[in-house]
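All chains, full assembly: derive it from the sequences and hints.
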Amino acid sequence: MKNNIPLLKRIRESRLLWPLIAWVLILVFDAIVEPGFFKLGIIEDPVYGKHLYGNLVDIFNNGAPLMLVAIGMTLVIATGGIDLSVGAVIAISAAMGAVLINPALGNKLITNDILTKNATNTPLPIIVLADIAAGTLCGLWNGLLVSKARIPPIVATLILMVAGRGIAQLITNGQIMTIYYTPYFWFGNGYILGLPVSIYIVAVVMLLGWILVRKTAIGLFIESVGINAKSTYFSGINEQNVKLLTYAFCGLCGAIAGLILSSYVHSADGNNNGLNYELDAILAVVMGGTSLMGGRFSMLASVIGAVVIWTFTVTVYSMGVPANALLAAKAVLVMAVILLYSDYSRSLITRLFERRRGSQHGTTN
Amino acid sequence: MVQRIKPFLLRYGPLLATIAIFVLVYYLGGRLYPSMQKPQVFFNLFINDSSLLLVSIGMTLVILSGGGGIDLSVGGVIALVSTASAALLRGGMSPYIVIPLMIVLGVALGGGMGWIIQYLKVQPFIATLMGLFLARGLAYIISLTSVTIKDPLYKTMALTPIYIPFIPKAYIYPTTLVGPIMLLVAIYLTFFTRFGRTLYAMGNNEQSALLMGLPVPLTKILVYAFSGLCSALGGIVFSISLLAGYGQFATGMELDSIAAVVIGGTALTGGIGNVIGTLFGVLIHGTIVSILQFNGTLSSWWTRIGVGVLTLVFIGIQSLFYARKKHS
Numbered sequence: 001m002k003n004n005i006p007l008l009k010r011i012r013e014s015r016l017l018w019p020l021i022a023w024v025l026i027l028v029f030d031a032i033v034e035p036g037f038f039k040l041g042i043i044e045d046p047v048y049g050k051h052l053y054g055n056l057v058d059i060f061n062n063g064a065p066l067m068l069v070a071i072g073m074t075l076v077i078a079t080g081g082i083d084l085s086v087g088a089v090i091a092i093s094a095a096m097g098a099v100l101i102n103p104a105l106g107n108k109l110i111t112n113d114i115l116t117k118n119a120t121n122t123p124l125p126i127i128v129l130a131d132i133a134a135g136t137l138c139g140l141w142n143g144l145l146v147s148k149a150r151i152p153p154i155v156a157t158l159i160l161m162v163a164g165r166g167i168a169q170l171i172t173n174g175q176i177m178t179i180y181y182t183p184y185f186w187f188g189n190g191y192i193l194g195l196p197v198s199i200y201i202v203a204v205v206m207l208l209g210w211i212l213v214r215k216t217a218i219g220l221f222i223e224s225v226g227i228n229a230k231s232t233y234f235s236g237i238n239e240q241n242v243k244l245l246t247y248a249f250c251g252l253c254g255a256i257a258g259l260i261l262s263s264y265v266h267s268a269d270g271n272n273n274g275l276n277y278e279l280d281a282i283l284a285v286v287m288g289g290t291s292l293m294g295g296r297f298s299m300l301a302s303v304i305g306a307v308v309i310w311t312f313t314v315t316v317y318s319m320g321v322p323a324n325a326l327l328a329a330k331a332v333l334v335m336a337v338i339l340l341y342s343d344y345s346r347s348l349i350t351r352l353f354e355r356r357r358g359s360q361h362g363t364t365n
Numbered sequence: 366m367v368q369r370i371k372p373f374l375l376r377y378g379p380l381l382a383t384i385a386i387f388v389l390v391y392y393l394g395g396r397l398y399p400s401m402q403k404p405q406v407f408f409n410l411f412i413n414d415s416s417l418l419l420v421s422i423g424m425t426l427v428i429l430s431g432g433g434g435i436d437l438s439v440g441g442v443i444a445l446v447s448t449a450s451a452a453l454l455r456g457g458m459s460p461y462i463v464i465p466l467m468i469v470l471g472v473a474l475g476g477g478m479g480w481i482i483q484y485l486k487v488q489p490f491i492a493t494l495m496g497l498f499l500a501r502g503l504a505y506i507i508s509l510t511s512v513t514i515k516d517p518l519y520k521t522m523a524l525t526p527i528y529i530p531f532i533p534k535a536y537i538y539p540t541t542l543v544g545p546i547m548l549l550v551a552i553y554l555t556f557f558t559r560f561g562r563t564l565y566a567m568g569n570n571e572q573s574a575l576l577m578g579l580p581v582p583l584t585k586i587l588v589y590a591f592s593g594l595c596s597a598l599g600g601i602v603f604s605i606s607l608l609a610g611y612g613q614f615a616t617g618m619e620l621d622s623i624a625a626v627v628i629g630g631t632a633l634t635g636g637i638g639n640v641i642g643t644l645f646g647v648l649i650h651g652t653i654v655s656i657l658q659f660n661g662t663l664s665s666w667w668t669r670i671g672v673g674v675l676t677l678v679f680i681g682i683q684s685l686f687y688a689r690k691k692h693s
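Chains A and B supply the protein sequences, listed in that same order. Just so you know, we're using our numbering here: the first sequence kicks off at 1 and counts up by one. Just so you know, we're using our numbering here: the second sequence kicks off at 366 and counts up by one.
Hints in this document: simulated from the structure, not taken from any laboratory. Please note that the accuracy of each hint is not assured.
Here chain A is said to cover these stretches of chain B; the calculated rule only asks that three of the stretch's residues, wherever they fall, bring their Cβ under 8 Å from a Cβ of chain A [unchecked claim]:
no. : stretch
1   : 484-490
2   : 503-516
3   : 525-534
Where is the CB? At the ideal position from N, CA and C, for every residue including glycine.
Laid out in structure tokens, this is it:
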């Protein structure tokens, strides 16, 4: 069946096409403006041994949290929802990790010596589990509000978006906590076979997600809920649980992203960890061609969207634009992408194509 | 008798509940902290929340317009207006030019978002989220640090108290009056004009409103422009009260204002509610903040958590009321 469709058409209709074109365009721009952009090298690190370095590796390493969040966000958006709280979930997860590591926890006499010691209070696996549990709990909370309490997703997740940062500050007692425990840094800074650990984490989550949605019926359920929740319900699918699952998965992804981020920056800051990630994640998903109205989705396309965003970010940084001005540039980028994907411009493009085809007919006849 | 009371309760139930909760919370605060019984504390609610009130009035109209209408850009517009006006004033421009310019800026931003929502069919929250990030980004481009305002007109407006007659030692500031005036304007607009009727009609059912021949597209753009106007006024009031402009001002105000609107009894689905409830929603928010301040030991982030919880409770109350209304 699949082979009957011509290759060219399959390429043209693939969801991966547009984000890939955007990526290539940015890379070509980089190649012209900055010849040194693609330089890759091997460096000897005292802790992690030999590994690759260069802008491209940085893009994948720094972009890993966003890719994870984009994977989770794709499923939520596919059900016709939205999760604005991913940034706050990242902050909560980071705060959780930092507090559990804090060697002064439960210690009556707190001195600078104890605080900055390269030691941990809780074993690393438990920290990871606690992080993931906290994020999943946040996701479940969002999911319950959306599916059972039937609060519009924007408002339900907006509550956690703002209150979540309060919760993160509550966990760290309003302080920015610096982490001194070196094994924790492995998630964001370590290397396996010369490539950053974070890339492997993304690959594993991606694979798990892919098995979940493409090898079981859940993917179909998600798409049908996104297209028409009511008729899905009447055809015997528990749409509430499908929604609950996607929000919980999104929370899980946010938690892993928070783990990588806090490990990368060696600290937890309730106000700034994962700031504006909700916007970037939505942008990545939209770039990947998943409609914000819900329905068909592609997680891989969203991941490529995230890569595009980070390539854009690294490019803008290397051109010397201040970080805060990037916010405005990104907003314009999102708007442009959304307008490109909107029905209005779609119909404009189809009309252009039809006209051309019409004129061709005219000449052959 | 019962037949009369029931529809009355169903119609005004959420509003009455809001007012009752305001009185209750305020009374509890007064019992807990006797110094809260001073009349000035009540007027402080208006002084401290003057920009929140302004923003929430615009938000109420946007949410009333239905179709998932929401304006997330309010905090960003406040930040942009405060920073831009501070920078312009520092450059030596007269405040009589700066203030109208900022109002035009707010209306243009709001109207632009409304146009995108109406004609390009972008969901309101996406369009206004872009507005939020664009406005904040622009504010940071203007200045990365806080800009102080030294303009004499701004200073007099910030520091001249207006004493309330008949109540000793109670005062407000000139900027405090902007919110209540806009509230009156909004009451007039929603209850006594064609614009208001169209707003409620499209909030309840956009399709029927269109079929009735009401000017739905224009009204939608106007509503967002009105919200932009309110945010710009909020930004001016904000910058006058702090005598500064900064890109980080009013972070998270969108939630506070949505919370105030929801607590005020406006349904997020649109078409139900009014701006009077919003006033009390804002007052409840202010009372919670002042109770936390009088307590002194609780940290400021409890405000956010508290407001979030209260919003949830009110959404629950609403769904109870409106679900019944639909059945009857």
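Going down the list of hints, with the structure as the test:
1. 484-490: holds (count 6)
2. 503-516: Coverage by chain A holds here, the residue count being 4 at a Cβ distance below 8 Å.
3. 525-534: violated (count 0)
Comparing the model with each earlier hint shows a violation of hint 3 alone; every other hint is respected.
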